[in-house]
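Generate coordinates for the entire structure from the input sequences, incorporating the hints supplied.
There are 2 protein chains.
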Amino acid sequence: MLTEAHIIEAFKKHFPITGGIGDDAAILPLSETESYVITKDILIEDVHFRTTYFDAKHLAHKALEVNLSDIAAMGAQPKYILLGFSIPPAYEKYISSFNEHFTQACKDRKVQLIGGDTTHSPAKLFISVTAIGIAQNSQLKFRDKARKNNIICVAGNLGHAHLGLVACEKNLCDVKDFKPAFLSPQAKLAEGLWLAGQSSVTAMMDISDGLFIDLQKLCRASQLSAKIEVSNLINTPEFYSTCSWLELSSIEVQLTGGEDYGLLVTVEAGNYETIAENFRAEFGYLLKPVGIMLDEPRVQVHLVEQGLPITLDLKPFSHFGEEP
Amino acid sequence: MLTEAHIIEAFKKHFPITGGIGDDAAILPLSETESYVITKDILIEDVHFRTTYFDAKHLAHKALEVNLSDIAAMGAQPKYILLGFSIPPAYEKYISSFNEHFTQACKDRKVQLIGGDTTHSPAKLFISVTAIGIAQNSQLKFRDKARKNNIICVAGNLGHAHLGLVACEKNLCDVKDFKPAFLSPQAKLAEGLWLAGQSSVTAMMDISDGLFIDLQKLCRASQLSAKIEVSNLINTPEFYSTCSWLELSSIEVQLTGGEDYGLLVTVEAGNYETIAENFRAEFGYLLKPVGIMLDEPRVQVHLVEQGLPITLDLKPFSHFGEEP
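Listed in order, the protein sequences are those of chains Y and H. For the first sequence, this note's numbering assigns the number 1 to the initial residue and increments by one for each residue that follows. For the second sequence, this note's numbering assigns the number 1 to the initial residue and increments by one for each residue that follows.
Hints are computed from structural coordinates only; laboratory data are not their basis. Among the hints, a few may not be true.
Pairs involving identical chains hold if they fit within one copy or between any two copies, as the list cannot separate such chains.
Result set (DSS-like, lysine-lysine): computed pairs, CA atoms no more than 27 Å apart in a straight line [as the list claims (entries may be wrong)]:
| # | residue 1 | residue 2 |
| --- | --- | --- |
| 1 | 93 | 170 |
| 2 | 57 | 170 |
| 3 | 93 | 217 |
| 4 | 107 | 57 |
See below:
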């Protein structure tokens with residue numbers, strides 16, 4: 001099966017650069033002190049969204065935010081947007097509304113829409129956004145800079161978007177509180193910039209495909225293993241009760257649920273307490289410590305519960321497998 | 001009917017910038033002497049190509065070149081590429097081959113693939129390329145800088161890609177010589193850079209939607225009218241005989257045929273002779289003078305034949321109308 005990872009590996013052989021293919025965004029040199037970072041994300045009807053429950057406002061918002069999340073994860077401030085879309089017949093009203101809301105969303109985030117492309121689509125609505133930000137070179141964060149014994153931390157909720165997805169797909173009124181996490185995620189721009197400014201934050205990426213899969217990517221990039229303590233995956237009472245009501249494992253949902261767009265960072269162990277304290281003072285919530293980076297011959301992500309190894313049959317999220 | 005022009009106008013109200021929405025590419029400030037230019041183009045199966053006659057090599061080549069053409073039209077040197085695609089089931093072999101050829105095409109053009117996105121597609125193959133180039137600020141060319149009495153010139157063939165499209169769609173062996181113009185267009189990179197270096201070249205854009213439509217865009221941007229002398233639309237003997245054989249008007253095909261990716265420039269009248277002479281010395285073919293810019297109360301494109309007004313029922317190319 002041809003996965004995105006295979007494709008990235010094939011391209012990397014030919015274009016080996018740091019901060020390029022494989023990171024959340026690529027780097028364009030700007031000056032001695034600054035760089036542009038650039039990313040593109042595609043959203044496709046009936047793969048990433050359904051118009052049955054994504055109204056044009058939600059979709060416009062999400063199309064922008066998932067791209068801004070990549071910019072945030074590099075430690076950059078978003079600046080410019082290019083918007084491409086391919087429109088099926090009879091979508092005129094939806095797209096007019098989408099454009100209005102996308103324009104407003106760009107203004108709200110103080111990013112400038114500078115170009116794009118518009119075409120007809122034979123069937124599905126297809127959205128392709130390119131986002132460009134500016135980062136201080138000294139504060140750029142990559143996936144390959146995690147070090148042994150770094151604390152693995154998560155900024156943001158895990159699994160909420162997954163419950164929102166289930167609520168939307170199954171039209172469950174009782175789970176409606178989680179729908180916004182899936183329909184209208186907010187990129188952690190302020191947190192990304194703040195974390196980028198901390199020298200003891202060694203690596204950063206956003207969590208779009210689920211913690212377990214995304215941490216594997218960070219491990220491969222840094223050539224280190226990781227250990228997740230699942231009892232540190234703390235969540236809200238509503239999350240646990242909803243998982244229980246839906247007969248879902250709260251641990252599995254937090255490990256594999258995609259589209260939360262939180263930030264995954266590694267922090268030098270000796271500075272974690274200070275960073276976490278300052279983070280809470282700044283943002284009012286916990287920078288969750290969920291594990292530790294390990295140096296092992298074979299790169300892998302271990303799961304432990306109260307320190308004891310556990311095995312879970314986690315279904316990896318794949319763009320090429322079942323639809324999310 | 002919602003056209004691309006309507007969408008661009010709506011966005012321009014909110015983001016009024018020069019060299020942005022409406023030009024071939026947008027500008028990102030780089031330094032006092034240089035700018036990045038950035039563009040994105042989408043190619044969709046059964047709208048822009050059919051896999052029945054586009055093999056993976058042709059498609060990879062074309063996906064790159066149509067984006068490089070936008071970079072060339074700004075007077076820039078292409079540098080970086082981001083590649084996004086959405087892959088339907090059972091396209092693995094096609095995409096593996098596409099990736100190989102796209103990688104090679106990037107190397108041949110000395111551009112670096114720095115990132116992208118890969119997703120599953122429910123049905124059609126979608127390709128979304130973002131290209132980034134670097135231009136000297138003093139040589140950047142826009143659409144809105146044409147002036148009254150400028151000579152309208154075309155670098156490249158008109159209508160060849162259209163005959164190639166007809167040959168592919170109707171599987172006509174007798175017209176096979178025109179297929180490469182449609183399947184494997186070459187962006188006029190060297191010409192674009194050379195023309196950008198000429199101060200008497202006032203405006204430049206690429207011809208992707210057909211001369212008549214693209215000249216209208218240049219006219220609207222420059223707030224001038226234009227007059228095309230159709231007897232100056234000179235072409236090859238094979239072109240005329242093929243149009244005749246296919247019972248197509250050679251003038252209409254040259255005016256409305258899309259996807260040739262030539263360059264449309266306006267040149268100060270007093271310097272046209274010198275520019276054209278030097279262009280021929282450099283590139284070995286004629287920089288065709290096809291008309292003149294006019295200052296009129298209502299912006300429009302006039303057609304004349306031997307100086308006398310003619311009226312043709314030209315079907316404008318539209319991404320939202322019939323498929324090309």
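Taking the hints in turn, this is what the structure says about them:
1. For a Cα distance limit of 27 Å, the shortest separation of residue 93 from residue 170 inside one copy, 26 Å, qualifies, whereas the shortest one across copies, 35 Å, does not.
2. Taking the shortest Cα distances, residue 57 and residue 170 sit within 27 Å of each other inside one copy (21 Å), while across copies they are farther apart (42 Å).
3. Taking the closest pair of Cα atoms, residue 93 and residue 217 come within 27 Å of each other only across two copies (25 Å); inside a single copy the shortest separation is 40 Å, beyond that limit.
4. Only within a single protomer do residue 107 and residue 57 lie at most 27 Å apart by alpha-carbon distance; the minimum there is 14 Å, versus 41 Å between protomers.
Checked against the numbered hints given earlier, this structure breaks none of them.
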